[in-house]
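Put the two chains together into one complex, using the hints given.
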Amino acid sequence: AQSVAQPEDQVNVAEGNPLTVKCTYSVSGNPYLFWYVQYPNRGLQFLLKYITGDNLVKGSYGFEAEFNKSQTSFHLKKPSALVSDSALYFCAVTRGTGKLIFGQGTTLQVKP
Amino acid sequence: NAGVTQTPKFRILKIGQSMTLQCTQDMNHNYMYWYRQDPGMGLKLIYYSVGAGITDKGEVPNGYNVSRSTTEDFPLRLELAAPSQTSVYFCASSYRDRDNEKLFFGSGTQLSVL
Chain A
1 AQSVAQPEDQ VNVAEGNPLT VKCTYSVSGN PYLFWYVQYP NRGLQFLLKY
51 ITGDNLVKGS YGFEAEFNKS QTSFHLKKPS ALVSDSALYF CAVTRGTGKL
101 IFGQGTTLQV KP
Chain B
1 NAGVTQTPKF RILKIGQSMT LQCTQDMNHN YMYWYRQDPG MGLKLIYYSV
51 GAGITDKGEV PNGYNVSRST TEDFPLRLEL AAPSQTSVYF CASSYRDRDN
101 EKLFFGSGTQ LSVL
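Line by line, the protein sequences are chains A and B. Residue numbers for the first sequence follow my numbering, so the first one is 1 and each next one is one higher. Residue numbers for the second sequence follow my numbering, so the first one is 1 and each next one is one higher.
Just chain B, same shape as in the assembly (with noise of 0.2 Å):
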């Protein structure tokens, strides 16, 4: 059982480029969410989605997509990467009936946009 797996750990991309980073989870959870985590300023959450086929915006979405074509999958697609975008991004995940805000993350994934 290995939780809530995050690819890769660490990127540096150019600006403009585009990405996406992975997420997936063994866990069967219905619920999974992408947060970003700055210096100083705690995780602001990107998106989310409550199941297959369903995603919608949280907190600062702007630049971002999100796709969830199969439960265990939630990939983040950053376009036309900006210097803005420097973070840790964390990917989680949690049930949907019992204990839905307990939420299992990922180990995160350190992006640079030099």
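Just chain A, with the same shape it has in the complex (with noise of 0.2 Å):
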């Protein structure tokens, strides 16, 4: 069965540090990985995916994620975090359907 954990419910930053946001999966075979962002009563956008290829990918609005093979995680990353990028942060894998398994999601605050 596919699953993805992400083990911090709150992550909290100052406004032009870098910021990570931890993902792991597991999953058979070769995951497809992606981050989604939610703003407050909107749905959800998407941000970036993993597929093949280079291990680190970059997304909208400056964001990248960095795939390791090794350690089962796609953490989500940016150099310099913005009061705008406050937000919750799904991690989701796939085995290539377009059935998206979300993890629990990951509460953002970039502090001024």
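Please note: incorrect hints may appear among the correct ones.
[Said to hold, decoys possible] Reference listing, derived: stretches of chain B covered by chain A, where coverage requires no fewer than 3 residues with Cβ under 8 Å from a Cβ of chain A:
1. 36 to 49
2. 104 to 112
[Claimed, not checked] Residues from chain A that keep clear of chain B, each with C-beta distances beyond 12 Å, as calculated:
3. Val11
4. Asn12
5. Val13
6. Thr20
7. Lys22
8. Asn41
9. Asn68
10. Lys77
11. Val83
12. Ala92
13. Lys111
FYI, nobody ran anything at the bench for these hints, they're computed from the structure. All C-beta atoms, glycine included, are put in the ideal place defined by N, C-alpha and C.
Right under this line is the structure:
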């Protein structure tokens, strides 16, 4: 069975500092991995995906994620956080069908 | 281009009532999905459809039904509403062949069953 885990319910970071939101996955075979962001009272928005190729994937709004097969991780990163990055972030996995399995979400708080 | 539109935005139901959550998309996407979001639980897939006339169960289908008579519409039916169905419901759609994991979400329906 496929699953993803986001070990932190909340991440707090000061504006201008680097941020990391953690995700680990469990899937047999090659995973397709995704990050989505949810702003208050909105649906989820696609940020980035890893299918194959470079382990460092770049996405929207300056975010990137690093795929690490040996650690089965896909952490979301940004070099310099903005207050407007404050939102709920979801990691997701699929085997290529489009039926995504989502993690429980991590709230990112960026303080001025 | 409105994307994915869900109605209503909010609804309160009494136990045992039924209702239909509407979802329509104008992007000509083949794939459509219904998810529910509960605090601290992420999103769980209820039902999905790969095209008109084709639907299939997701992780948590019990208590729900769907239909897909057109490419654009994918309504979710709740029969005999129960408090456990209190949740935020999201409809989503995606392309069939390219980027089918890039889902486009509606803004959600907040449902309370009392």
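- Which hint numbers doesn't this structure obey? Failing hints, ascending: 8, 12.
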